[in-house]
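With the hints as extra help, turn the sequences into a complete structure.
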Amino acid sequence: MNGAVLVALAAAIGNMLQGWDNATIAGAVLYIKKEFKLESAPTIEGLIVAMSLIGATCITTCSGGISDWLGRRPMLIISSVLYFLSGLVMVWSPNVYILLLARLLDGFGIGLAVTLVPVYISETAPPEIRGLLNTLPQFTGSIGMFLSYCMVFGMSLSELPSWRLMLGVLSIPSLAYFGLTVFYLPESPRWLVSKGRMNEAKAVLQRLRGREDVAGEMALLVEGLGVGGETSIEEYIIGPANDDIEDEDISADKDRIKLYGPEAGQSWVARPVTGHGSSIGLASRHGSVVSQSAQRLVDPLVTLFGSIHEKVPEQGSTLFPHFGSMFSVGGNQARHEEWDEEGGATMEGEDYAADGPGNESDDNLHSPLISRQATSMDKDIVPNAHGSLSSLRHGSLMQSTTGEPVGSMGIGGGWQLAWKWTEKETPDGKKEGEFKRIYLHQETVPESRRGSVVSLPGGDVPADTEYVQAAALVSQSALYSSELVKQHPVGPAMVHPAETAKGPSWTDIFEPGVKHALFVGIGIQILQQFSGINGVLYYTPQILEQAGVGVLLSNLGLSSSSASLLISGITTLLMLPSIAVAMRLMDIAGRRSLLLNTLPVLIISLVVLVVASVVKMGSVVHASISTVSVVLYFCFFVMGFGPIPNILCAEIFPTRVRGICIAICALTFWICDIIVTYSLPLLLKSVGLAGVFGMYAVVCFISWVFVFLKVPETKGMPLEVITEFFAVGAKQIAATKDN
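When we follow full-length UniProt numbering, the leftmost residue of the sequence shown carries the number 1, and every step to the right adds one.
For the record, the hints were derived by calculation from the structure and aren't laboratory data. Fair warning: this is a prediction, and the values are worked out from it, not measured in the lab. Careful: at least some of the hints might be erroneous.
What the hints assert, rightly or not - No more than 30 Å apart at the CA atoms, straight line, and that leaves these computed lysine-lysine pairs for BS3-like:
| # | residue 1 | residue 2 |
| --- | --- | --- |
| 1 | 431 | 731 |
| 2 | 731 | 710 |
| 3 | 515 | 195 |
| 4 | 710 | 685 |
| 5 | 436 | 515 |
| 6 | 515 | 710 |
Next comes the structure, spelled out in structure tokens:
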């Protein structure tokens with residue numbers, strides 16, 4: 001996974017530049033107002049600082065839609081160019097108006113980076129380490145602030161500090177960022193798939209994952225193109241298709257279902273479970289029961305996600321541990337089509353060949369991402385279907401002749417991807433088929449049940465074979481077209497990804513699952529901004545001054561400006577170890593758990609600050625208590641409420657509308673940031689410091705309740721599975737309201 005890690009590190013430099021700029025302007029403004037004589041014009045002084053905030057807010061309104069149109073990488077390139085140009089203009093600024101223009105350009109770059117870097121990392125990172133990698137923007141942002149404070153502090157020690165040099169240095173790292181975005185960062189594979197550029201997406205995935213076989217993930221990305229649709233939760237007992245099954249419940253033809261994997265040679269027999277519920281299915285039904293008082297308030301979605309993380313398979317992402325890989329390599333490999341927008345596709349039955357450029361075969365676009373004539377074996381399983389979903393070879397094992405795994409249909413977090421072809425009879429007596437996508441998640445089956453579920457001729461189940469119980473999210477495939485069925489196509493009526501994803505649409509936002517996700521994303525962004533981080537940052541220099549740090553620094557011969565910068569640098573330095581801890585825990589404890597365990601510490605810290613402001617005590621005691629409270633607040637904020645809202649917002653939206661939805665959440669973030677920043681001085685005058693911290697403590701308590709009731713745990717889950725769960729949760733909420 002080194003490729004994904006290095007790409008995430010390179011992308012996160014955009015957030016480092018944001019932190020760098022925030023810290024630099026805080027120090028440079030002390031000298032800007034002297035040169036332009038702004039002591040009597042506090043409005044202009046405030047506007048110089050706030051102009052980047054205004055620019056970020058403005059650019060965010062259109063960044064999501066443009067990124068869905070042009071791609072993630074071009075927007076990051078534009079961000080680096082804006083950073084570079086703003087640095088040059090700030091160095092040159094002959095008057096305050098040109099400086100304001102430069103700050104506006106800088107804000108545009110910040111807005112693009114803050115909005116799109118988390119999206120880019122989420123779309124390129126493996127599910128198992130996505131949380132860690134998406135904490136990198138918080139970490140690099142704090143590093144940028146610390147380095148900038150160190151630089152500005154060093155310059156402040158000179159006789160004539162130059163604010164132009166302070167601000168202009170931004171152009172140097174932004175030039176390096178430009179080089180990385182142009183020559184190193186690939187385009188998001190999910191965006192490429194959404195545009196039908198399959199070969200490019202495959203090449204990017206191979207680079208990011210460090211392996212040639214990416215068929216399972218390619219299929220997953222294609223299936224992630226759909227928005228909305230009916231999703232149901234089912235349960236199966238699953239086994240390999242080449243084993244004989246004697247159990248009468250499973251062997252009954254009416255109950256048997258054939259499941260197919262992303263590559264040729266993958267198929268399994270499944271029987272729906274009716275009497276035994278999986279943890280997911282039970283949670284689904286339990287979450288929709290209105291009479292359960294505990295479930296009246298907790299979102300059914302939270303219950304569903306919670307049931308998943310209680311049942312993560314011990315053997316990694318492989319559903320059948322004893323099979324190793326579920327891919328089959330046989331001597332008669334099927335030929336594949338070049339299914340890329342540039343190359344076109346041919347469907348000429350069983351002997352089709354690629355007609356793309358160079359006649360290259362896209363080896364990882366096997367059935368069911370292609371269509372072919374049915375074999376006799378397929379027709380026995382799927383009567384009257386126009387094609388099979390995979391070329392079956394019943395005698396094959398799920399591994400190569402050397403016994404080594406040759407692939408995996410695992411898509412992360414214990415989930416695997418499969419398909420099934422179902423048929424139903426229409427009122428006029430005709431049979432109509434439907435292509436269903438299935439996300440499978442292994443459940444624990446007691447040994448006593450496993451023995452009774454299946455037995456093979458001649459004795460017990462062999463050691464290299466195992467039947468498992470699996471929960472399944474079942475919905476219509478993103479590439480299935482009911483219109484094509486009427487044209488009697490070769491295969492299961494599949495359409496090109498470019499036909500499925502015709503670009504983002506505002507109407508997709510009103511799909512129940514997307515609306516549900518937007519509620520969670522917008523809600524957590526609002527609560528984060530009103531939880532007090534700006535107020536505590538504003539108050540920190542005063543706290544440390546009271547603790548005697550200012551006196552100590554003045555005794556060292558530092559001016560008040562230099563002392564203030566050094567104090568801010570020390571404060572930022574305290575955040576780095578805590579963010580490192582959060583990076584480690586993000587994919588172990590999870591996002592929801594970190595929030596639920598860190599928010600109480602924020603509440604306690606703020607309550608202590610309120611008490612310290614109201615109760616009279618000695619100056620030393622007051623300073624000590626306040627300092628400890630501020631340090632604890634910072635450390636636990638950056639472990640939870642700092643990075644997690646952006647991580648969640650980058651995970652919970654479908655590929656097709658992810659850019660638009662993340663822009664809505666980011667716009668909420670910037671608007672709330674402006675409100676909190678400019679209301680703080682007014683609140684300090686009206687209700688005082690104790691009142692402000694008391695309000696922040698109340699907001700943190702509301703945040704804890706909101707997280708407990710509404711925010712699901714998304715660690716280790718593929719983005720496409722997360723969005724399917726939101727669709728299921730929205731369906732359950734609607735059913736609950738109807739009841």
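Worksheet entry | Hint numbers contradicted by this structure | 4
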